[in-house]
Amino acid sequence: MTTKDIIKPENLVYTKSRILNDTPMHYCPGCSHGVVHKLIAEVVEEMDIQEDVIGVAPVGCAVFAYNYLDFDFQEAAHGRAPAVATGIKRLMPEKYVFTYQGDGDLAAIGTAETIHACNRGENIVIIFINNGIYGMTGGQMAPTTLEGMKTATCPYGRDTAINGYPLNITDLLVKLEGTRYVTRQSVHNSASVRKAKNAIRKGFENSKEGKGTSVIEIVSTCNSGWKMTPDQSNKWMVENMFPAYPIGDLKDI
Amino acid sequence: MSEEIKLMKGNEAIAHAAIRCGCDGYFGYPITPQSEIMETLMDEQPWKTTGMVVLQAESEVAAINMVYGGAGCGKKVMTSSSSPGVSLKQEGISYIAGAELPCLIVNVMRGGPGLGTIQPSQADYFQAVKGGGHGDYKVIVLAPASVQEMADFTALSFDLAFKYSNPAMILADGVIGQMMEKVVLPPFVDRLTKSEIEKQSPWATYGKPASRKPNVITSLELESKDMEQRNLKFQAKYREIEENEVRYEELACEDAEYLLVAFGSSARVCQKAVELAREQGIKLGLIRPITLWPFPTKLIQSYASSSKVKGFLAVEMNAGQMIEDVRLAVNGKVSVEYFGRLGGIVPTPDEVVEALKAKFL
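In order, the protein sequences belong to chains A and B. First residue of the first sequence: 34, per my numbering; consecutive thereafter. First residue of the second sequence: 187, per my numbering; consecutive thereafter.
These are calculated hints, taken from the structure and not from any lab test. On a predicted model such as this, the values are computed, not experimentally measured, just so you know. Note that the Cβ used here is the ideal one computed from N, Cα and C, for glycine as well. Hints may be right or wrong, so weigh each one.
To be verified - If we take Cβ atoms under 8 Å as the criterion, some of the chain A residues that face chain B in the derived model are:
| hint | residue |
| --- | --- |
| 1 | D105 |
| 2 | V117 |
| 3 | V271 |
Claimed, not checked - Under the rule of at most 27 Å between Cα atoms (straight-line distance), these lysine-lysine pairs were calculated in the BS3-like manner:
| hint | chain 1 | residue 1 | chain 2 | residue 2 |
| --- | --- | --- | --- | --- |
| 4 | B | K316 | B | K494 |
| 5 | A | K244 | B | K234 |
| 6 | B | K349 | B | K324 |
| 7 | A | K241 | B | K399 |
| 8 | B | K484 | A | K71 |
| 9 | A | K49 | A | K230 |
| 10 | B | K423 | B | K385 |
| 11 | B | K394 | B | K419 |
| 12 | A | K241 | B | K380 |
| 13 | B | K399 | A | K230 |
| 14 | B | K394 | A | K235 |
| 15 | B | K543 | B | K469 |
| 16 | A | K71 | B | K399 |
| 17 | A | K49 | B | K385 |
| 18 | A | K244 | B | K380 |
| 19 | B | K234 | A | K241 |
| 20 | B | K394 | B | K349 |
| 21 | B | K458 | B | K494 |
| 22 | A | K49 | B | K399 |
| 23 | B | K394 | A | K230 |
| 24 | B | K394 | A | K241 |
| 25 | A | K244 | B | K394 |
| 26 | A | K208 | A | K71 |
| 27 | B | K192 | B | K458 |
| 28 | A | K230 | A | K241 |
| 29 | A | K208 | A | K183 |
| 30 | A | K244 | A | K208 |
| 31 | A | K268 | A | K71 |
| 32 | A | K284 | A | K241 |
| 33 | B | K423 | B | K349 |
| 34 | A | K241 | A | K49 |
| 35 | B | K458 | B | K394 |
| 36 | A | K71 | A | K241 |
Chain A with its partners taken away, still in its complex shape (with noise of 0.2 Å):
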């Protein structure tokens, strides 16, 4: 038997989504970029809506998103991806509009149009990826950088005296009027993939009704800039950004 005759579809146990195509992925091994990029993936194939999606890339290491999926993209300036996606969407109202940002990009300087496209409750998906890091500068403080949390910009660790707090955003963004649907999920293990790509779905599924921005913080790991191994910096996460992100849904409505 030779490995042609094993290909074959009745054989076949997994595959990755023809949306998420073949291009190396610039991610360092152990990101979870690739993962919920692979999420994103297959809502989009299962839904039947890659003609209708246009994808909003954030100035962050998610600035090639636009490489890896197979749908029509627009890459924003560091912040303003809400604002482009209102655009986009005011529009096109038929299309299944997303952001998707990491936590310098949206929750430092892009904090304002954040809380403006959730308060007018933009009919838009919001994917929020927070490490707690600038990965693609070199691993600087974030807005989510934990208190004592060692980083270049920090070196001795967070000083809330000299840096202030770890921003909570998706806490604020919880109490807008326009936010239908807030979570906080993880991609670190099967379980919580599972989770958070249910959650992706139910995000587009939401932006098809109208009804609200649908907002899902995905909890990540950036090994590379927490100076840890993929697997250390799993364990890392689980100790130390469940406590100060608590994962769950935090409005459904």
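Use these hints to put chain B onto chain A, whose structure you have.
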């Protein structure tokens, strides 16, 4: 049917012209002296008639990025603001130019720098024609000198923006925005249909059909050699625009010994100054650049090279910005002088004539 003449402000004319020329979306943030543009649109409620979207954004930054999103979908979209707000939009304008998206930005200038004043000014000339934001890019800049031109240039700006996939700007000032004049509004044109958008802007993100690869709107190229190629493509486009799209108006230039160069409100003042000077026997003419970029360099060169013209006077409501482009065109052949008022003051025709005499006669 005879043309319907209406009396309105320049700002109102832009709003009506936008609805009539098939604009798909307006995104803005209030700021004096241009708030009537969004107020008029909100009052007209075009979403009930043409389907045009009008949205008050949380900031000028958000508004220009909403324009980016809409323009990326191949839609006819615009924003408007005044000087401090246009400074905020510069990031977005750079990205729009870098992604080669068509759109209209209106700047009804007020005095600066900083919070400045709400009175009219032309001090954003450099910002408008030399770039404004980061990187090597150009925005097509039209300078209306009447309420009629506020209306006419709205549709023209969109035409040029789509022709070259480039942002276009109407650079007006508080005088043109606020003063009322008679205007004939353009006829209603239907908004583009989905299939027309797909034909006109095949690069747009209107949703990927199975028949094509994904469209991506971006200004990012990490490889320097690719980014250089992208820049060279931009520059080739800019040279084409400079070749094809220069617009200007000449007044009493045929026998002129001295030429005023002025745009927008200053040009209106200068029209009267030409009349006053001629009454005093001074052979004065006026060149009014209508496109500030591309600038009427060749026209000014030709007058500078003629034996008749002895000098140019750039008249601007700023400290002397356009004069640099006049000097580049004249290239030292004759004298180029400046007269202007600052901080929101509009010069009088008499002041212009006196300045001309003081500098040249």
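Hint by hint, here is what the structure shows:
Look at D105/A: its Cβ gets to within about 4 Å of chain B, closer than 8 Å, so that hint holds up. For V117/A, the suggested interface contact is upheld, since its CB lies about 4 Å from the closest CB of chain B, less than 8 Å. A cut of 8 Å between beta carbons decides the hint on V271/A: the least distance to chain B is about 34 Å, and the hint is violated. Of the pairs offered as hints, the one joining K316/B and K494/B is violated, with about 31 Å between alpha carbons and a cut-off of 27 Å exceeded.
Between K244/A and K234/B, the direct Cα distance comes to roughly 21 Å. Compliance with the 27 Å bound is thereby established for this hinted pair. Pair hint K349/B plus K324/B holds up; C-alpha atoms about 15 Å apart against a cutoff of 27 Å. A C-alpha spacing of about 24 Å is found between K241/A and K399/B, which places the hinted pair at or below 27 Å, so the restraint holds. Restraint check for K484/B and K71/A: the C-alpha separation of about 57 Å exceeds 27 Å, so the hint is violated.
For the given pair, K49/A sits about 14 Å from K230/A by alpha-carbon distance, which is consistent with the 27 Å threshold. Under the criterion of a C-alpha separation no larger than 27 Å, the hint pairing K423/B with K385/B is consistent with the structure, at around 21 Å. Straight-line distance between C-alpha atoms of K394/B and K419/B comes to about 26 Å, which keeps the hinted pair within the 27 Å bound. Note on K241/A and K380/B: the hinted pairing holds, with a Cα-Cα distance of about 20 Å set against a maximum of 27 Å.
With a CA separation close to 25 Å, the supplied pair K399/B and K230/A stays within the 27 Å bound. Note on K394/B and K235/A: the hinted pairing holds, with a Cα-Cα distance of about 22 Å set against a maximum of 27 Å. With a CA separation close to 12 Å, the supplied pair K543/B and K469/B stays within the 27 Å bound. Of the pairs offered as hints, the one joining K71/A and K399/B holds, with about 19 Å between alpha carbons and a cut-off of 27 Å not exceeded.
Of the supplied pair hints, the one linking K49/A and K385/B is violated, its CA atoms being roughly 33 Å apart against a limit of 27 Å. Taking the CA atoms of K244/A and K380/B, the gap is about 25 Å. The hint holds against a cut of 27 Å. A hinted pair counts as satisfied when its Cα atoms are at most 27 Å apart, and K234/B with K241/A qualifies at roughly 22 Å. Taking the CA atoms of K394/B and K349/B, the gap is near 23 Å; set against the 27 Å cutoff, the hint holds.
Proximity of K458/B to K494/B is assessed by CA-CA distance (about 22 Å); at most 27 Å being required, the pair is judged to hold. Distance hint between K49/A and K399/B is fulfilled; the C-alpha atoms sit about 19 Å from each other, no more than 27 Å. For a cut-off of 27 Å, the pair hint linking K394/B to K230/A stands: about 23 Å separates their Cα positions. Annotation: proposed proximity of K394/B to K241/A holds, straight-line Cα distance about 18 Å (limit 27 Å).
Distance check on the hinted pair: K244/A and K394/B sit about 25 Å apart at the alpha-carbon level, within 27 Å; holds. Pair hint K208/A plus K71/A does not hold up; C-alpha atoms about 30 Å apart against a cutoff of 27 Å. Note on K192/B and K458/B: the hinted pairing holds, with a Cα-Cα distance of about 24 Å set against a maximum of 27 Å. For a cut-off of 27 Å, the pair hint linking K230/A to K241/A stands: about 17 Å separates their Cα positions.
Note on K208/A and K183/A: the hinted pairing is violated, with a Cα-Cα distance of about 31 Å set against a maximum of 27 Å. For the hint pairing K244/A with K208/A, the CA-to-CA distance comes to about 16 Å; that is within 27 Å, so the pair holds. At most 27 Å may separate the alpha-carbon atoms for a hinted pair to count; K268/A and K71/A meet this at roughly 22 Å. The suggested pairing of K284/A with K241/A holds, with an alpha-carbon distance near 18 Å, which does not exceed 27 Å.
For the hint linking K423/B to K349/B, the alpha-carbon distance of about 11 Å falls within 27 Å, and the restraint holds. A hinted pair counts as satisfied when its Cα atoms are at most 27 Å apart, and K241/A with K49/A qualifies at roughly 25 Å. For the proposed pair K458/B and K394/B, the alpha carbon gap of about 56 Å is over 27 Å, so the pair is violated. Taking the CA atoms of K71/A and K241/A, the gap is about 21 Å. The hint holds against a cut of 27 Å.
The structure shown violates the earlier hints numbered 3, 4, 8, 17, 26, 29 and 35.
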